[in-house]
Amino acid sequence: MIKPEKNLPIIVVLIFIAAIVLSSQIFSSEFRIKTLDIFRIPLKIISGSVYALRDVAEFREKQMENKLLRENIANLEKELLNLKEAALENERLRKLLDFRESGRSKFVPALVIARDPAGLNDTVIIDRGKKDKIEKGMIVISGSGLAGRVIETGWRISRVLLITDYDSTFSGITERTRDEGALSGNMRAGLTMKYLDLGCDVKKGDKIITSGLYGVFEKGILIGEVVSLDSDSTGLYMNAVIKPNVDIRKLEEVLVVR
Amino acid sequence: MTLFIWIIILGFLQSATQLSINFLGLFAIFAGLKKGPLWGLFIGIFIGSFAEILSSQAPGLNLMLYSGVGLAAGIIKQKIYYREGVAMEFLFSFFGMLFFYLAYFAFTKTTQAGVLFTIIFSSIISPLFFKLIDTNTASIA
Chain R
1 MIKPEKNLPI IVVLIFIAAI VLSSQIFSSE FRIKTLDIFR IPLKIISGSV YALRDVAEFR
61 EKQMENKLLR ENIANLEKEL LNLKEAALEN ERLRKLLDFR ESGRSKFVPA LVIARDPAGL
121 NDTVIIDRGK KDKIEKGMIV ISGSGLAGRV IETGWRISRV LLITDYDSTF SGITERTRDE
181 GALSGNMRAG LTMKYLDLGC DVKKGDKIIT SGLYGVFEKG ILIGEVVSLD SDSTGLYMNA
241 VIKPNVDIRK LEEVLVVR
Chain A
259 MTLFIWIIIL GFLQSATQLS INFLGLFAIF AGLKKGPLWG LFIGIFIGSF AEILSSQAPG
319 LNLMLYSGVG LAAGIIKQKI YYREGVAMEF LFSFFGMLFF YLAYFAFTKT TQAGVLFTII
379 FSSIISPLFF KLIDTNTASI A
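Which chain is which? The protein sequence lines are R and A, in order. For the first sequence, this note's numbering begins at 1 and goes up steadily by one. For the second sequence, this note's numbering begins at 259 and goes up steadily by one.
The shape of chain R in the complex, shown without the other chains (with noise of 0.2 Å):
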């Protein structure tokens, strides 16, 4: 007969590999997404209810935010007025280069309504799936700016990866002087971008966009901006630390650009 106290460290350690190795078999990326299908309104639930308890809180910051965007709409719409002369001007222009109109991106927009957990990795779950045609792949952004990527898809929910993950690695140039340098995640720290020119003319406060090579991101998308430069270990490149224009830490809604 099999006496538990006594056997208790060959029980554990055999419960512990077949855990882990049993894990590692069914939750597949597949099957996660699915399951979190079935979670998404209780999630949907929790997080609707932490951003009003937010918001109440931040009531009076809000209500100053709001007399400030209503002074910057008024200059917008002033600068609206002259970017639609530009943009009939360009398309009388473009009419005799006999110039074909790219495809327009649609924007659905979503809600963040999980993290990590244990805030591990910067992933968040926003409740659009295929249901509302979202894929692989799709960039998400925020009102200032890049914030991610689509990376797993279910019915009615998906995973981006954040821009700031550990796994997120892009190129990018910066806005003034055109250099390019990859760029990776950092968790809470932004961003880095790596391997500029040594002779680079890249100041602290520079803009940074997505370059729209290897097909990650489209190009001319706002990251965020220097912060700091250094050169690195090897002293053959430049070092930039990136602060991301989007609020990482504070992202509750986002758009799926489709």
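Accuracy of the hints is not assured; some may be wrong.
In silico DSSO-like pairs for lysine-lysine, Cα to Cα no more than 30 Å straight-line [claimed, not checked]:
(1) R:Lys-106 - R:Lys-34
(2) R:Lys-136 - A:Lys-367
(3) R:Lys-194 - A:Lys-367
(4) R:Lys-131 - R:Lys-207
(5) R:Lys-207 - R:Lys-136
(6) R:Lys-243 - R:Lys-44
(7) R:Lys-106 - R:Lys-243
(8) R:Lys-194 - R:Lys-250
(9) R:Lys-136 - R:Lys-250
(10) R:Lys-243 - A:Lys-367
(11) R:Lys-250 - A:Lys-367
(12) R:Lys-203 - R:Lys-243
Treat the hints as calculated values from the structure; they're not laboratory data.
Use these hints to put chain A onto chain R, whose structure you have.
The following block gives chain A in isolation, referenced to the frame of chain R:
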């Protein structure tokens, strides 16, 4: 049963709010500490499985970390002179969380800036948390 419902509710809350408290980790430590190493392991496996769904980490990593923490808390409690009290609960939570994040670092070679705050906040809240869970889950074991 109540414990599992608590785990799911707080797991959802933790996932939706991004609090600097690792409730799921505390649950695993609680199970090991109050109910023994086997319970620590089983509850850890349940928590790990739940976290696997919400996380995009390599399959098995969450399960290994949470069950490992639960099991370790139970074994260490049996091996050392343990006296019930707030200080012991704080110490177990602190070192349990430290073990959790160090093990994560060992496997992935990555960490995040807020880890220390999470360890400290989780440890501070642990005695109160354990008391709350203990009174609500008296039926287990």
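- Which numbered hints turn out to be false for this structure? Violated hint (a single one): 4; every other hint is consistent with the structure.
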